[in-house]
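Colleague: Work out the full structure: start from the sequences and follow the hints.
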Amino acid sequence: MRRGIGVLLMVGAALVQVTWAPRLEIAGAFPNLVLAAVVAITWTLGARSALAWACVGGVLCDLTSSGPIGPHALALLVGVYVIGVWIRNLERVTALRVAASAAVATCLYSAVLVLADDTLGLPVAPIGVAVQLTLAAAAYNALLAPFVFEVARKLHGALRTAPQPA
Amino acid sequence: MYSAKGQSRSTGLFLTLCAAMLLLAMLSQQSWAAGPRGMAKSALAPVEEVMTSASRQFDRLMSVFGDVSSLRAENQRLRAADEQLRRQVVELNAAAKENASLRQALDFVRASGHHMVAAQIIGVGPDSFSRTLEIDRGTADGVKPGMVVATGAGLLGRVREAGPHAAIVQTLADPQSRVNVYLSKSSLQGTVSGGPTVLQLEIQHTLGVAPSTGEWAITSGVGGTYPRGLVVGEVATVTRRDASTTDLAGIAWVNDPAGITFLLVITDFTPS
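Read top to bottom, the protein sequences are chains D and X.
Each step along the first sequence adds one to the number in the working numbering, with nothing skipped, and position 3 is 1065.
Each step along the second sequence adds one to the number in the working numbering, with nothing skipped, and position 153 is 227.
Hints in this document: simulated from the structure, not taken from any laboratory.
Please note that a few of the clues may not be correct.
[What the hints assert, rightly or not] Chain D side only, calculated, beta carbon under 10 Å to chain X, not exhaustive: (1) Q1079; (2) V1080; (3) E1087; (4) L1113; (5) L1195.
From a predicted model like this one, the values you see are computed outputs, not experimental measurements.
Glycine included, each C-beta is placed from N, C-alpha and C at the ideal position.
Modeller: This is the structure in structure tokens:
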């Protein structure tokens, strides 16, 4: 049941990302809802769960983009793993930390995406353009992540207290 | 907070999933996997179509609400009447705009002499690196990878991948996109490359001839990727580089992907 809801929400996030989010474009970047969602899951449920959800979200992104299936998932996995290691010894969750982790995850995600495309022999964006887009996306996702985290935390609390079928 | 054992389990899971995704990427990139990959990518297309359509309806509603907010000082009856009239105007304007766009596209189809398939945009690429669009036409409609995509205004891009009922179009704004062009007045040749904000044109130096603003950049057909004669845009800025063998120009693209709702796929041009 919880996993079903999670999959539906992830599908929703991926679809919003490719249909509505580009309308909010600033400096060439637009919000990456799937990335913000997996960052929020890392803070809420821990790195292991977030790794699985990164795979689901990444494959959904791959299904809506050109090229092979896998690079977005791989890029999200690296971002989630690194921030998972970083936050595992932190005592307190603050909006600033969530925002910073989203920015770091975005930089890693972008770097892996470019590297994966290069490795797979796909055309790659010029380095200057890639850096500019990555920084803009990192700032955007950093602003978005605390709100997504708050939603994820409330949803997690609601699902935990909801009665489970016998 | 977490044990070392928990961390090593996370690392194990991470490495396993990374290996699985790499394998999936390598397998799905093979030519024999193009069919199943296209079918998998078409699976989300109907939902994307519904969401894109809903977003357009939302835009229409927002424009009506925007107009209404500026009329708060007026009395209720006038406001209601005004709202109704404005909604009609917005709808008529939208219909007129679409009508003009369709007429332009129809003229383009007649004038170009190419066979074309009209398609609607149902989604865009999920990241900022690739400026791609998803359309509601695929191999079942005769759309194949490599085909050139245009609007009534001019060149838009080319089909990168095609599933049975959806295809992914790489637009000229994609940083990886390249198209060879010539300028309408000076006849100088160059290459237009994509970018997040503006299209860049790199022009080869030719003795005694200089590019100027206001010239049109038109596909030259060199390279065989695009047919000759499609309008790309107007030269907006020119940067002379005496120390280099090329000059740079900024191109005001005739197409704004954010404002396009439908496009035309040229089905009878085969890129060499």
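Colleague: Against each hint, give a clear statement of whether it holds in the structure.
Modeller: Evaluated hints:
no.: 1; hint: Q1079; in the structure: 5 Å, holds
no.: 2; hint: V1080; in the structure: 4 Å, holds
no.: 3; hint: E1087; in the structure: 8 Å, holds
no.: 4; hint: L1113; in the structure: 5 Å, holds
no.: 5; hint: L1195; in the structure: 4 Å, holds
Checked against the numbered hints above, the structure breaks none of them.
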